[in-house]
Each structure stands twice: as structure tokens, then as C-alpha cells.
Amino acid sequence: MKSSVVVFPGSNCDRDVAVALKKFNIKNQMVWHEESSLPKSDLVVLPGGFSYGDYLRSGCIASKSKIINDVIKHGKNGGLILGICNGFQILIETGLLPGVLLRNKRLRFISKSVFLKVENTNNIFCKNYKKKNIIELPIAHNEGNYFANNYLIQKLEDLNLVAFKYCNQEGKIEKNFNPNGSLNNIAGILNENKNILGMMPHPERFIDPYLSGEDGSNLFKSLLNLYKNEN
Amino acid sequence: MKINPQIIKKHGIKTDEYKKIIKLIGREPNMLELGIFSAMWNEHCSYKSSKKYLKTLPTKNNKVIQGPGENAGVIDIEDGDAIVFKIESHNHPSFIEPYQGAATGVGGILRDIFTMGARPIATLNSIHFGDPSHLKTKNLLHGVVSGIGGYGNCMGIPTLGGEVKFNSTYNENILVNAMAVGLVKKNKIFYSKAKGINKSVIYVGSKTGRDGIHGASMASAEFDENTEEKKPTVQVGDPFTEKLLLEACLELMQDDSIISIQDMGAAGLTSSSIEMASKGNLGIEINMNKIPCREENMTPYEMMLSESQERMLLILNAGKEEDARKIFTKWDLDFSVIGKTTDTKNLVLNYNDKEVANLPLSALSTDAPLYDRKWKKSLEIKKIDTPKKFESESLSESLKKILSSPNNSAKNWVWEQYDQTVMGDTIQSPGGDSGVVRIHGKNKAIALTIDSSTDYCLADPITGGKQTVCEAWRNLISVGANPVAITNCLNFGNPEKEIVMGQFVETIDGIKQACQYLNFPVVSGNVSFYNETNNNSISPTPTVGGVGLIKNINNMMTSNFKNVGNFIFIIGKTLGHLYQSEFFKEVMNFNDGPPPKVNLFNEKNNGYAVLDLISKNLAESVHDISSGGILLSLAEMCIRGKIGANINMPKVNLNKHEYFFGEDQSRYIIEVKIGHKKEVEKILKKQSIFYEEIGKTQKDEIYIEKELKININELIELNTNWFKRYIT
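Here the protein sequences line up with chains A and B, keeping their order. To convert, count from 1 in the first sequence and add 1316; that's our numbering. Note that our numbering numbers the second sequence so that position 646 is 638, with each residue one more than the last.
Calculated from the structure, these hints are not laboratory results. Please read all numbers here as calculations on a predicted model, not as lab measurements. In this text, a Cβ means the ideal position worked out from N, Cα and C, and glycines have one as well. If a hint is listed, it holds; no wrong ones were tucked in.
Derived lysine to any residue pairs resembling SDA-like cross-links, with alpha carbons at most 25 angstroms apart: (1) B:Lys554 with A:Gly1529; (2) B:Lys634 with B:Phe559; (3) B:Lys318 with B:Phe232; (4) A:Lys1382 with B:Lys318; (5) B:Lys12 with B:Ser357; (6) B:Lys716 with A:Ser1429; (7) B:Lys434 with A:Gln1345; (8) A:Lys1447 with A:Lys1510; (9) B:Lys185 with B:Asn273; (10) B:Lys434 with A:Phe1340; (11) B:Lys543 with B:Gln58; (12) A:Lys1382 with B:Phe232; (13) B:Lys634 with A:Glu1530; (14) B:Lys177 with B:Ile57; (15) A:Lys1428 with B:Asn404; (16) B:Lys393 with B:Asn638; (17) B:Lys436 with A:Val1335; (18) B:Lys15 with B:Leu362; (19) B:Lys436 with A:Asn1341; (20) B:Lys392 with B:Gly423; (21) B:Lys436 with B:Leu242; (22) B:Lys322 with A:Glu1351; (23) B:Lys157 with B:Asp584; (24) B:Lys716 with A:Arg1422.
To give an idea of the interface, some chain B residues facing chain A are shown, with a C-beta separation under 7 angstroms as derived from the structure: (25) Gly141; (26) Phe232; (27) Lys235; (28) Glu408; (29) Asp411; (30) Gln412; (31) Thr413; (32) Ile419.
Turn these sequences into a full structure, and let the hints steer you where they fit.
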């Protein structure tokens, strides 16, 4: 499997996710935001950080960057896109994923480990979470408060497009365990074709036992399995 | 404008100093030159009151690559890797404008690190506020914490810990000390010393604006009721630009284009250009028309004294200018060749084809005033009585009170606003004894801590200075790290006062003694004087940032109890010193008396013994015993591990309060498996280390027969509630 990590000025998790991809034997290239086309890739990763300083609105300027047209094209043609944190915000701004990400409910940056329930394990990104679907990953963001109108939320739920929800250690999904105020405790969503995933938590930060957890590993392993099965 | 006594005074220059200027340059300076003198000769930049004493600190051991005098200190961590680190204060600006003050404090210290070629891998901070009930405290706390987070988070550098303290001594002068740590290859370290004449001097980064003019002079004066008016002297930070600057500089540093590099920090372009040239024993000539400006019609005076952030000065090898320009253009940063090095040993500024300043560099650096200020010994503490009836206080209620006091409360509200896990190498987050970050791609790690002990230092500066160093040492040992070196930030009042100067002199003496004995040298640091408002100085507050090496990350230790049924040992002797303890302060409301004595011999031996046990995998958890004594440390281990402890009453001849709350130094608590007990005792006996076995870990509660029985969940609540309530 080949991947591309797009580097915007202000991206700061680009290296981290590249390290994770490499660890799981995914062949990766870094792509500068001023390129007009992507190299041949199965997966495009929009990393975390503060693209263009997050000025104007998180992810907004990145959604108008030079490389983004080709990213959108890749996604619309069924190519895989993973947006983590700021990458999720960018996916929302491009319209590849619906809804908005508001500022956290308490208007503060939140950095901590949270529990997540993998709500949909029937997609390319989350297959390997079937056995263990209550996981722990770190979040670190200012704007992760997912919001949409009732109709859209209902649709996401009905079509099973919510990938992750905030929960407690036992998997209970309640307001108390929601760090940022997102509707229905949503932490990550898929598009209708399930080839695009946007998520606020950082799987790339929990990939080995020294880092207080390795629950992020299964996301990358899922992607790798896909490659193995299909080739 | 003609220079008159009022203008001179406004520049913070004393009459004698002005006479010295005239003598040094053989004429009256013009306004621009006066501004340059004021920027270079103020306390913040010149260290004129402190230099004499800073020189006495030990700065070398076999790991030190670079001691004080550069942008930051550098230590060797083997395999060709080196760690660059430094701490700096941003106290004055943070009090005037907490968000920007704290943010630019972080920005400034990060630049010091990557200026040397290192990629920053962690930051820490020590922040001190006034009494929680003081009108300004809450607002300052909110502003400072979000400012630190706002900058560090955007840069993508994990904040690994620090301390948050409250004390009424800081009501009108808060402290914001930021420490940054970077990783560099030993053979790729960059320095600020210029070499060679006729080399291009290049300005990169943000444009110069009118912010922060005279910032360094502001930080060299006390506050009064007009402090608010000083807002324009506070710089405004842009972490996004700094992130670009970081990447651009590191990209350029891949090859050998750079001869020397210096960030524009305090006193901006003035101090950076002068430092580079004078270190290289050269001259420097700058064309002020080439300075990238943010606003129109900026004067050379404003350009030279602006403290706009995110700027760097480079001296490049001939012919490398175009390659360098490409890199900075790619990162969308300004790049301007503004001048050249010369052999005149003068600073020459030209503007509109006219020479507007011409000063000998020696007058600005080596010939700057140095003071041997008068100082007074601190009063020796006479024997005083202990507070009445402290023996009748309940242990249980006392622990609860201490655990839920502002200074001992869990600071999660603060840590959670800082990104702790970005860069993917954080292996111990804030809240333990030290933060630990793995060296990327390797099996080793460094441990980082930041410590201060205000009350101890006020009561006895020498002991307090020693204790602060030892505290950092212990915090590193507790996570299994070999302590290597420190950086320090010395926060004091007005040095023109003999008492304050005395506190400074004595604190340095204490730091020196401890550093020497422990082979734990000072490799960088900064002095912040004039932390004073309306004639009230803060208590002396040296802050020590310690760095240690964990050669094998499998030997990293944590402080949470691991299992029930294990033995609990105390390493080091408990003497029951209660003066200046949390028990006396929080429970008895009693603040007098001397701090606990520091025995450096015990400190060293106990520390190495603990390290030995950790490296032999004989300890399950380790925590140092500091403020709050044995009982608070035990409670913290229970909270962190969600495991209880059954503790015996002491067999020694001390009353229970002295035993459980005494703050004697050089002590640790360790958890030992039953099967390891014999081996541990054998090692401790062999090394003549004093130890006691005081009980066992158990389920759910901390328990002392007939005295105390508290459930872990209650401990956690007590420990977290104060902050939650305070903040909402």
C-alpha cells in the first residue's frame, strides 16, 4: 500500500503519522501543499496540526490550498483519505465530510487520553477493532465539538457512518464522558462510501507499549490487511 | 530631540552610567545610540548585578558540551546525540498581559533551542501566582495557562510538566518561567559567534513592528500603580510563524551554509547583532533601510529596539545566500541581507545613506557596567516555639486538608490545556515526578523536571538554594534517570536593596554547594530581578530545571503503586522537621522557622542507592518525599495507582505528626515485591543506607491503625476538587 501525507505550513503531526505508517509497512511519501498533484497513492493522510496557523477558521485555508483539488478528486474516485484532528477539520471544510467542528464546549484546548467505542468496524479503517472495540486514544484539540442539524445526525446514525464515539472504560456513551460537547459523543465519522474517515483522536500517538497505549495500531493494521487481501 | 536628564532617566540609565557612556565613546550619544545603550546595559541583558556571583557556579562535568554564555546549554547523551536546554523568565510581560506574555515566553525559549540547531522535543514551565483569593489571580492563571498552551500546542512540541504554585508574595508580581529542551547531533551544533569579515548578515523571520519596544528595560524595573500603561512594551506572539521559522532554520542547517546564528530575543536586533559581532571580535555594519518592517515610517530607533517575535539573524558563508533565500521563501518568511561583518569592532548603522550610529562594540558588551552591590546576610533564625497543640490535630483531617490545598491539588486542569503527546515520544506525562521523553527512534530517554521552594528560600536562602537543586535531583532519580545537569532561573526583587541582594548571593551559594557536591552543573539560565511592586519584593525564587538520562527505557520508573501486598520502604532517615512544612502552613497556619537541613552526603548516597535498585528491577514504584512529608507522598502514590496502603505507626522516637508530615530531605518511598525484599535490604545495608519498612500496599484504602482510614476515591476527590471549584 502506498500513502501520501500532505504537509501544510503549520502541520505538526505529519512526522508522527509518517512514523506510524512506516512502522506498519505502508510506503509513504510526504507531499508539500504547493504541489498540484498527488503521487500515486492508495491512501492520503491529512495530518494534525495548525495548518496555516488555523487562521480564519481551523482547516479553512488548507481547504483552499493548491494540493487540495487533487485530494478531493482522489476521495471522490473512491481513494482512501484519513483526516486526523486538523485533518478532520480540513475534510469538513472541503465538504468531503458533512457537519462542522465547533470550539470545545468549555472553550479550552483539551489534551488527554479518552475512551472510544468503535461504532463501525465494517469499514476499511476499523476492521481490526472487531475483537476489541472499546479503545483508548489521546485527543489534543481546540475545535473538536462536532455539530450538525438533526436530520444529518440522524442520517449518520442510520447509515452507520459514525466511526467513533467518546465513552467510558466500559463503553458507556454518556454526556459525562464527552470531552468537547460533540453531538451524540461523535469523535469520528465516515463518508457514505466509507473511503474517507475524519477523526479527532490521534491513533498515530498510541502505537507502542511505551506510549501509554497501542490502541492506535489496529487502525493502521486494518489498512494493511486491506492491501494484503486485495493484492 | 536633544538628550536631557529626563530622557536619560526614561531610558533607565543612571547619571553615573551616562557619564560612563560619554567617557567610553568620547562624545554625547545621539538618541538612537542612547536607546542602544539602554537596551544593552539594562539588568536583563547585561547581568550587571549578578555576573559576579553567577561566575562562581560550577558549569562543567564530563557530559557538558556547552555551558552558560550561548543561547542554551548543551549536554552529551551518548551515541552522538546531545540535549540543548535552557529556562527563561517572562515575569513582567506576563503580569501586564498574561496571554501574550506567557506565549512569547515559550516562543523565546524555543528559539534559543533551535537557534543551536536542535529540534525542540519538550517544554516545561514553572508558574507562580498570588493568593488564589487575590482579585487578579484567577484571570492571570487563565491567561498564562492558555498562553503557554496556545504557543506550544501550535508549535507541536509536547509540554511535559512543571509546577503551578500560589503564594501571596506573587500577588503583584507573578512568575512565568519556561524551559525548553531540544535534541541535536553532537557534530551539528550551531553557535552565535561570528567569524570572518565581509560576510553577509541576514535577517529572517517575521517583519519588525512597533511591539515590545524597550521590553528588556521594562523587565529591568519595578512596577507601580501605572503598570497597565506598560502594555505596549509586551510583545505579541505568532506561533504559526515560529513553526515556519523552526522548519526553515532546521532545513538550512542541514548543510554548512551558516557561520553563526542568533535569535532576536530581548532587545531584538540590537542585542543579537552586537552579541554575534562582539563574540567574534569583529565589527558589524547594518543598512537600516533593508530591515523588513511591518509598519510604515519606522525609525531606526524603533527598528533597533523593537522586540517583535519570531526573528533570527544569520551570518552565512559567501555564495550561500541564494540557496538560503530559497528555503525561507518556500516557508513564506522574510529574508533580507541587511549588512556585513567588518573588522572595525564597531556597530555602524546606516539609514538613507547616512551614518546614524557608530559605537564601539566593547562599550556595549565587555565595558558595560558591572556592579558589586552591597548585600546583607539573611537573619539567622533564632530558636522558636512550635505552634501550640499541633499534637492534637487528627492525622486524617490534616492529610485531607493538605491534599485539597491549592498548592497540593492535582493540576489536571492545567496539564490538559497543554498537548503532552504530540511527537509521539512522551513516555511519562505531567503529574509524575519528572516528565520523560524518548529519544526519537532510540531505546533511551531523558527525564525533565522543574522545581522551586519559595518558602524554604525565604526562611534560609542558602539551605533553600541547596534544597531546590536536590529536589530536582530526586525527581530525576525517582523516574530512574541519572541526573546530568541543570538550568536555573533566578527570580528576585530589586538588587539595589541590600536584603534582596543578600538573598541572591546566599541562594547562589546554596545552589553552588549542591551542584558541586552532586556533580550536577549549571549549563544555562537567566536572572530576573526587579520582581517588585510598590516597594514590595517577591520572596527569593530560584527555579531549577533538571535533565537526566535514562539509558534504557525499560528502566524507567513511575510513582503509582503497582500491586497489592507489596512492601513499602522509606529510604533515608526521618527526623521530623515540621517548620516550613505543609502541615504547619496549611493546618496550623504557622509560617515561621527554618527549612529542613540539606545533607548533601545523604542526598547523593540515597539517590544512587535508589537508582541502583531501579536498574536492578527491584523497585515496583518510586516517589520522592518532599513537601507534605511521608503521608502526602504515600497518598499521591495511592491516587496514581488506585491502590491503598496499610501503614504502621512509627517505631522511632518521634510523635506521629513529626513522623508523617516532617519534611526532612533526601528521602524516597519505594514499593518492593515480597520476593525482592531480601535482595533490596541486602543492597541497602551494604551501602549503609538508612531505611525503614513501614507497611504494605493493599486494596482500596490508605490506613493507619486507630488514626486514619480513607478510601482512594475520596483521596482522588479531595485532590481534584479544589481546582475544579476554583476555576468555575
